[in-house]
Each structure stands twice: as C-alpha cells, then as structure tokens.
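Asker: Protein sequences appear in the order of chains A and B.
Going by my numbering, the first sequence opens with residue 1, and the numbers climb by one from there.
Going by my numbering, the second sequence opens with residue 1, and the numbers climb by one from there.
Since the hints were derived computationally from the structure, they do not count as laboratory data.
A couple of the hints might just be wrong.
Below, computed lysine-lysine pairings styled on DSSO-like, alpha-carbon distance capped at 27 Å [as the list claims (entries may be wrong)]: (1) K304/B / K207/B; (2) K207/B / K123/B; (3) K123/B / K304/B; (4) K90/B / K222/B; (5) K64/A / K304/B; (6) K240/B / K222/B; (7) K304/B / K25/A; (8) K64/A / K123/B; (9) K222/B / K171/B.
Per the computed footprint, the stretches of chain B lying under chain A, defined by three or more beta-carbons under 8 Å from a beta-carbon of chain A, are [what the hints assert, rightly or not]: (10) 94-108; (11) 122-133; (12) 296-309.
Every residue, glycine too, gets a C-beta built ideally from N, C-alpha and C.
Given next are the chains, with one letter for each unit.
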Amino acid sequence: MFAPEPVCYTDPLDLLRRFAPTPLKAHVYLEFANVLLETNDLSFLPSLSVLGVREPSSQSCLWKIVRDVDARGTATEASIVMAGSLIVYAMGPACLIGADRERGEILAFIGRDVDARLFQESILPALIRLTMFVTRKQDTPIAARSAEVPVGGQCNA
Amino acid sequence: MSPRCHLFASNILAAYFRATVEHNMTKLHLINRAALPLHSDLMIAGAHCAFATNSEQILASISRWRCPDRPRTSRTFEMNVLLDASLPSKRDVMTQTHFRGLHHLVFATIGTYELFVFDLLRKQVVGAVSQASATDAAFWSSYWLPITVGVMGTTVGAVPVHSACLDRDGKGLLVAGVSGAGKSTLSVALTRCGFSLISDDWTYLSKEADALIAYGINAPVKLLPDVVQYFPELSGRTPKMWFNGELAIEVEPEAFSPNGAALRSRPHWLMFLERTSAPGCDFVPYSADDAQAFFEGAAERLPKQVPEASNVRTQVIRTLAACGAWRVRTGEPPQVTADAIRQFCERN
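All chains, full assembly: derive it from the sequences and hints.
Answerer: Written out as structure tokens, the structure is:
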C-alpha cells in the first residue's frame, strides 16, 4: 500500500493538484509505442513487467501518473466520456485518466488505496488501450483499427 | 444496470472505442457537439458560454443565464452536456464531487457516473449528467456554472479574483480579505447603505476597450449561519454544507438589491478587510504591490500549457491593483463598518 507523504497544496494554491511533483521517470516500451512515464510513485511498476520490453516503436506517448494521497477509496465502475481528440476514463476519485490524442499525452490520478493488483487488473488495461488511441495515426481507417483490437464484453453500443 | 451507450458520432467510431476497453465498462458517452440538437448562448460573469445539450430539462435549468442574442465577445468557451437518463440519479453533489487537474485538463466526477472534463487549451467543457442533475436548477446556478466559469474564465479573459464586489452609481467597490474575514456579511450590510451587490465571494474581471469591468455571477449568496444576529430577517433558512465543509445559508442575490442585482461595474475602490478586537474602523492606504501580491497569492496556479491565460491574469490583476486601495481595520459590527465605508466612498 502506498505510504503518503504530506504535501501542502495551499501555498501556493493548487487545489487541483496540478503541480504535484512527479520526479520519478521511466521508459515503458509497448509493442506499439514508447512511453515516457512521469510519476510520484513507482510501486505499481512491477506490474508493468508483464508488458515486457520490445523494440522501440516510432510512436511515443507521455504517461503522467500522479498517486493522489488525498483520494481515498477503491475504484468504482467505469464512466467514459469521449469527445474529439479526448477520452476521459474515470473509476471514481480512485482513478481519473485523460487521454489527449493531439498532444500524445495520458494524464492520470490514481488514488492512495489502489494497490498493484487493482492497478494491473483494472487500470493498466485502460492505460494501454488509451495509449493505442493516442498513438494511432488519425488517418488510419477506423474499421481497420477496430479489427486489430479485441472487443470487450460489457461495452455498450 | 443495463449497459447502454449514447452515440452522437458514427457507429464505426463507437465500434472502435468499444474495442478499447475490455472490462468494468458500464458507461460510454460519445459527445459530438454537432449532433447535440439544443443550443443556447449563456453569459456568465462576462464570459460567453456556447452551450449545447440533448436535454430540454437542462436548458430549462440554465435559463437564468441565457442571453437572447449571440454576444459579440471573444471571451467564449464551448460547453457540451449530455443527459444520460439511464445514469443513476442518486448522488450528493456536496460530498461526492471530486476535482483534479493536470496540464490543460481538469476532471470532475459527481458521484459514480457523472463526469466532466474542462479543456483549457481548446476552451471546451464536456460532460455527461444524470436526470437528477439535468432537472436541478440549483445545481447549475449555485454550483456548476459558477465552477465552470471559475475554471474556464481565465482562459477566455474573465479573470476570477477572490473578492466581493458592490456597485454604487457605476463605481465598483471590491472588498477583499482572507476567508472568514466577513466579506459576505459586510456585503449584505453595504446593500443596506445604498450599494448594489454584484458578487459576495468571487468577482470576474475583464478588460473591455482598455477599461476594467467587474462582473458578478448572479449566483446565490452564501452566508455563515451567524449572520442572522446582524440580519434577523434572514433567520429561518436552513444551512447547507458546501464543498469547503462550511455550513452556510443561501440567499438569492436579488434579496440584497431592491433595484435588482447589478451585474457589472467599473472597479473604483479596493478595500482589504481585516477584523480586529479594537473598536473603531480605520482606513489605511494599501500599496499596489501589496494588492497585487494578495490577489495573485489567492489565485489558483495555472499550468504552463496555457501561458497566455497566466499573462492575461497578471495584466488584469496589475490593473486592478492600480485602483485606490485601502486596508480597512474594523472591530465594529458589519452595519457600522458598512456605514463607515459608505462615508469614506462619498469622500473619495
């Protein structure tokens, strides 16, 4: 379990935790993208070992993941908003992920009570899918893209 | 809950995204402004919100902000809100609303399913709400639209400053001070001295033709429950818990301005309220540098992804700080302080 360190967000004012320091950096090589990870907590990184290390991809993406010491509780059911080049994937305060395709960024807050198992089982798959969304060229035919990705069971269309 | 999706983009796009999340997926909302059938122009604190939705109920809930014609202003952002009637309506806005921001994005969740994203770069807000929020006019007028303009305002040149604002004959009086100093209660007292209330807590400043204009939000005024000791006519109202954990009663702004709430004014006096235990009410000149430092210190830090917003805010605050500014030290009840301020303003 993540051991939080006290951080002052009032001087200067940073109620949204935008400026939570993310001094830890790592490279994660996915099959389809090279990810630069910036975070304040590497405790969930062992679960990334399942991804393996591949040849560098031509696509790159930033993952900025903030372990949010003030967000308590576990992940809830997922709610997703997709609009233009943005996708926001939320599982309550314990997991907020925004993916911006134009900027090649995935920005996330992970609650303090999210353990490595929950991260691996519930959040990491979403991060990877969102990375696909972010790094795929927009001129690729959508039908062809969808054929490459396995279809989930509970999605609602 | 039965899985559903709202498609306002293409089915092919939905099929693609369906493939991107394998588990725990219960609600997917594809929001495409062009496919939202209902559009409305809102003016909120001097900013134009080009609003789109699929819900007549939401339009009715935000009707107080509506302007009949499309405003001629560059201070515009888009807001696209989808009503998903299948979302559970059980949520507590005060205790289950959660905000976070990184880079140019601000996320907000309300309960388990309602979700908003504020995109500061693209000047766009997108969200999905339940029936409960759609029909709750107080949700929009007391919370969500004020919050929205608070988040988005700086990016479109409507800069929020932590200050009450009142108007007298077209001249604006801004009353600043730390939280708990008594700005709201003093504002009520000032309305009894010939001032019209514009804002009790946050004021929005815009530069228009090189002049600084202060706007209010026309939202209900929040007052601490002990205000009834000074204004017994406000007794009998039930306090509510707010985001910051404070108990406060809520009063419509029209209640404080017999001629109707003023919505804008030109800043003329700037006062920093300080409570003391000593009797009396003193006015001490306050330097522009101190005034600027106060407002910048009370403002939320902005991300480097929106540098122009930071520049605009700095310029606006600098202009505001150049107004005549005084520190008001008072140990008097709000009515006495308000009357002293009235007399001071008549002389200055």
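Asker: Each hint needs a verdict: does it hold in this structure or not?
Answerer: Evaluation of the provided hints:
The straight-line distance between the Cα atoms of K304/B and K207/B is roughly 22 Å, inside the 27 Å bound, and the hint therefore holds. Between K207/B and K123/B the alpha-carbon distance is near 19 Å, which keeps this suggested pair within the 27 Å criterion. Proximity of K123/B to K304/B is assessed by CA-CA distance (about 15 Å); at most 27 Å being required, the pair is judged to hold. Taken as a hint, the K90/B and K222/B pair is honoured in the structure, with Cα atoms around 25 Å apart against an allowance of 27 Å.
In summary, the hint linking K64/A to K304/B is supported, as the alpha carbons are separated by about 15 Å, within the 27 Å threshold. Taking the CA atoms of K240/B and K222/B, the gap is near 9 Å; set against the 27 Å cutoff, the hint holds. Distance restraint check for K304/B and K25/A: the Cα-Cα separation of roughly 20 Å lies within the 27 Å cut-off, and the hinted pair is therefore satisfied. Taken as a hint, the K64/A and K123/B pair is honoured in the structure, with Cα atoms around 22 Å apart against an allowance of 27 Å.
Taken as a hint, the K222/B and K171/B pair is honoured in the structure, with Cα atoms around 24 Å apart against an allowance of 27 Å. Coverage of a stretch by a chain is defined here by at least three residues with a beta carbon nearer than 8 Å to that chain's beta carbons; for the stretch 94-108 of chain B and chain A the count is 10, and the condition holds. Here the stretch 122-133 of chain B counts 5 residues with a CB under 8 Å from a CB of chain A, which clears the bar of 3, and the coverage holds. With 6 residues bearing a CB less than 8 Å from a CB of chain A, the stretch 296-309 of chain B meets the requirement of three and the coverage assertion stands.
The structure fails none of the hints (numbered hints given earlier).
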